[in-house]
Amino acid sequence: MEDTTDFEAKRDIAAIAVERYKQGRLTRRGFIAAMGALGILPALGTKATAQAKEIIVVNWGGTAKDILQEVICDTYTAETGIPVIVDGSGPSAGKIRAMVESGAVVWDLCDSGAGSAIILEQQGITQPIDYSIVDKSKVLEGTAYNNGVGNYVYSYVLATNPKLLGGNVPQSWEDVWNVKDFPGMRTFRKSVRGQLESATMARGVPLNEVYDVLGTDDGIKAAIAKFRELRENIIVWGSGSDSQNLFLQEEVAIGNIWSTRAHLLKDQMDAGSFNVSFNGGVIAPGIWVVPKNNPAGTEETMKLIAHGQKPELQVKWLELIGSGPINPDAAALVPAELAPFNPSSPENLATQILYNDEWYAKNQIAAEELYVDALIN
Amino acid sequence: MPRINEKVSYWMLVVPALAIMVIFYIVPVLGIWKIAFTEPATGIENFVAMAGSNAVKTSFVITFRVAAITTVGCLFLGYIVAYAISNYASKLTPLMLALVILPFWVSVLIRSFSWIVLLGRSGIVNDTLRGAGLIDAPFRLMHNELGVLIAMIHVMLPFAILPMLTNMRGISGAYVLAARSLGAGEWTAFRQVYFPQTMPGVMSGALLVFVLSLGFFVTPALLGGGRVLMISEYITYQIQEFLNWGLGSALSVALLVATALVLLIAARFVNLRSALLERK
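Protein sequences appear in the order of chains A and B.
Note that the numbering used here numbers the first sequence so that position 239 is 240, with each residue one more than the last.
Note that the numbering used here numbers the second sequence so that position 3 is 923, with each residue one more than the last.
Excised from the complex, chain A in its bound form (with noise of 0.2 Å):
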């Protein structure tokens, strides 16, 4: 089976944490100030513990390492007094099977993501997950593998440019694909992830059958020509930047990006000249997973993924960086401007499918190659 984790995807949410803090907007020290006003912090270190050890959590570095250690560690810390550092190193499956395999690990917790979880776990490299110490139903239905659980989440979003279309904003991915009424560059992304099931629900499949019908090798010529159809008005985009900077620079009006960029986007572009649908949308999972034999065992890690899942904290996730709740129970606390842009409250979830990536692991490959052709032949 092909390992179909989409690193971009997580790199680029490294990348967007950095230009937050360039931003200003996020600081340890106010970061720790509003979590005391919330009453998650309660005074630092009263229940160290002797026994405790510390324990490594593995994710793609950049200042997402620096939140992911604020967010979810720091406060685990606190309030059990057990050492919680984060490693920033990319923990790719080849890397952890590598470690595994050697029989030095020194990993505990890695942010991996649904393929590689599937891959690691026929492997026999990964720890089947507790769930009588983590919590099944305080994660997003369909990513609570034997062995990984959700994390995070973000999704493919539908976004326009209200002021480019004159007001006259596409509903749908149908809408994105009829240039006469709504004319415009669009874009979509250098790869068919998340792009297909676009092509495919613009050719009035529901919801709940994009998987079936791009399952059939007609479904996905007839996803690739609607590509075809729509070239002349298609830029690419190859990184997470790229998209944000076509709507910056006001060279597309309509595109499949990163909900983590458009997060981004609706801060930086003037008010009603930036809008997100996730209607149609594809919701991706960062997926957790827990190395054999980890330094810190199997219950500690688990009661640490435990506590990352509390609503409060997943919140903050959102904030600080774009990426949703893997809890939808944390919908609920939300602040009322974000929820628009929340991936996983009821009202997003409901008009949304989830990322197969059992569906990317057979056809991906071919798939692409057929995208390809079809955007430049």
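Because the hints were derived from the structure by calculation, they are not lab data.
A few of these clues could be false.
[Said to hold, decoys possible] In silico DSSO-like links for lysine-lysine, alpha-carbon gap of 27 Å or less:
| no. | chain 1 | residue 1 | chain 2 | residue 2 |
| --- | --- | --- | --- | --- |
| 1 | A | 222 | B | 954 |
| 2 | A | 293 | A | 54 |
| 3 | A | 304 | A | 137 |
| 4 | A | 181 | A | 222 |
| 5 | A | 304 | A | 293 |
| 6 | A | 311 | A | 54 |
| 7 | B | 977 | A | 363 |
| 8 | A | 293 | A | 96 |
| 9 | A | 96 | B | 954 |
Here the structure of chain A is known, so what remains is to put chain B in place on it, guided by the hints.
Leaving out everything else, chain B in the frame of chain A:
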């Protein structure tokens, strides 16, 4: 002190450069060839996959088309510049030369980004034209092949000018004067006497620009909008997006072979030694 034998001193001068070429170029290139034939399995399956792919074919066509148009554009503009500098600039020659060479000091990345600022939908060119009331809707000057060509011709221009200039400066003005005094018109004298003498310069400029353009990456990636997918970008795409080192390597082998073929074919029509080594 004993005199070092001439042969030894020759090799002492050549060996460092040769060693660098072998260690940092030849060996890695052989590594790439090896990957192309061994990953994911030993055999020619990467090349079979490549030959069966329409996207690869289109990408090769785009690559050669962009390189060819860039070459023609560079030769046309470059010839005029080189001609003006070598025949009319006299006192201004150092300044003009400096202006030709100056862009070399700015990275290709920065120059390509500058074109984004100029050619964008709300870029300087479109804004000026709209402000002057000449157009209603902005032109699509980039995120297509036009944008890639404009920027590539700009980037490659010095590579066309310099060989032609060296060549032209070695041509004595006496030939044209002789032709004129024998009754040839200005145009005839240029076409029949001057122009043929500049062919070695034109050819070496053409080869240089064409071969460099074949492997171009930055400019098409930035200005092509993803739809002017040249081979080098396609290689990056295979390796970064799919970790498909086998096919990526096979593509680069194919590009290298195609480039070598171009040189071989060129060699049938042009004397490569005089085009590339002796610029007079």
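To see whether the hints hold, each was checked on the structure:
1. Proposed proximity of residue 222 of chain A and residue 954 of chain B is contradicted: the alpha carbons are some 34 Å apart, above 27 Å.
2. With a CA separation close to 17 Å, the supplied pair residue 293 of chain A and residue 54 of chain A stays within the 27 Å bound.
3. Taken as a hint, the residue 304 of chain A and residue 137 of chain A pair is honoured in the structure, with Cα atoms around 13 Å apart against an allowance of 27 Å.
4. Simply put, residue 181 of chain A and residue 222 of chain A have alpha-carbon atoms about 24 Å apart, close enough for the 27 Å limit, and the pair holds.
5. About 16 Å separates the Cα atoms of residue 304 of chain A and residue 293 of chain A, which keeps this hinted pair within 27 Å; it holds.
6. Pair hint residue 311 of chain A plus residue 54 of chain A holds up; C-alpha atoms about 22 Å apart against a cutoff of 27 Å.
7. A hinted pair counts as satisfied when its Cα atoms are at most 27 Å apart, and residue 977 of chain B with residue 363 of chain A qualifies at roughly 25 Å.
8. For the hint linking residue 293 of chain A to residue 96 of chain A, the alpha-carbon distance of about 13 Å falls within 27 Å, and the restraint holds.
9. Between residue 96 of chain A and residue 954 of chain B, the direct Cα distance comes to roughly 24 Å. Compliance with the 27 Å bound is thereby established for this hinted pair.
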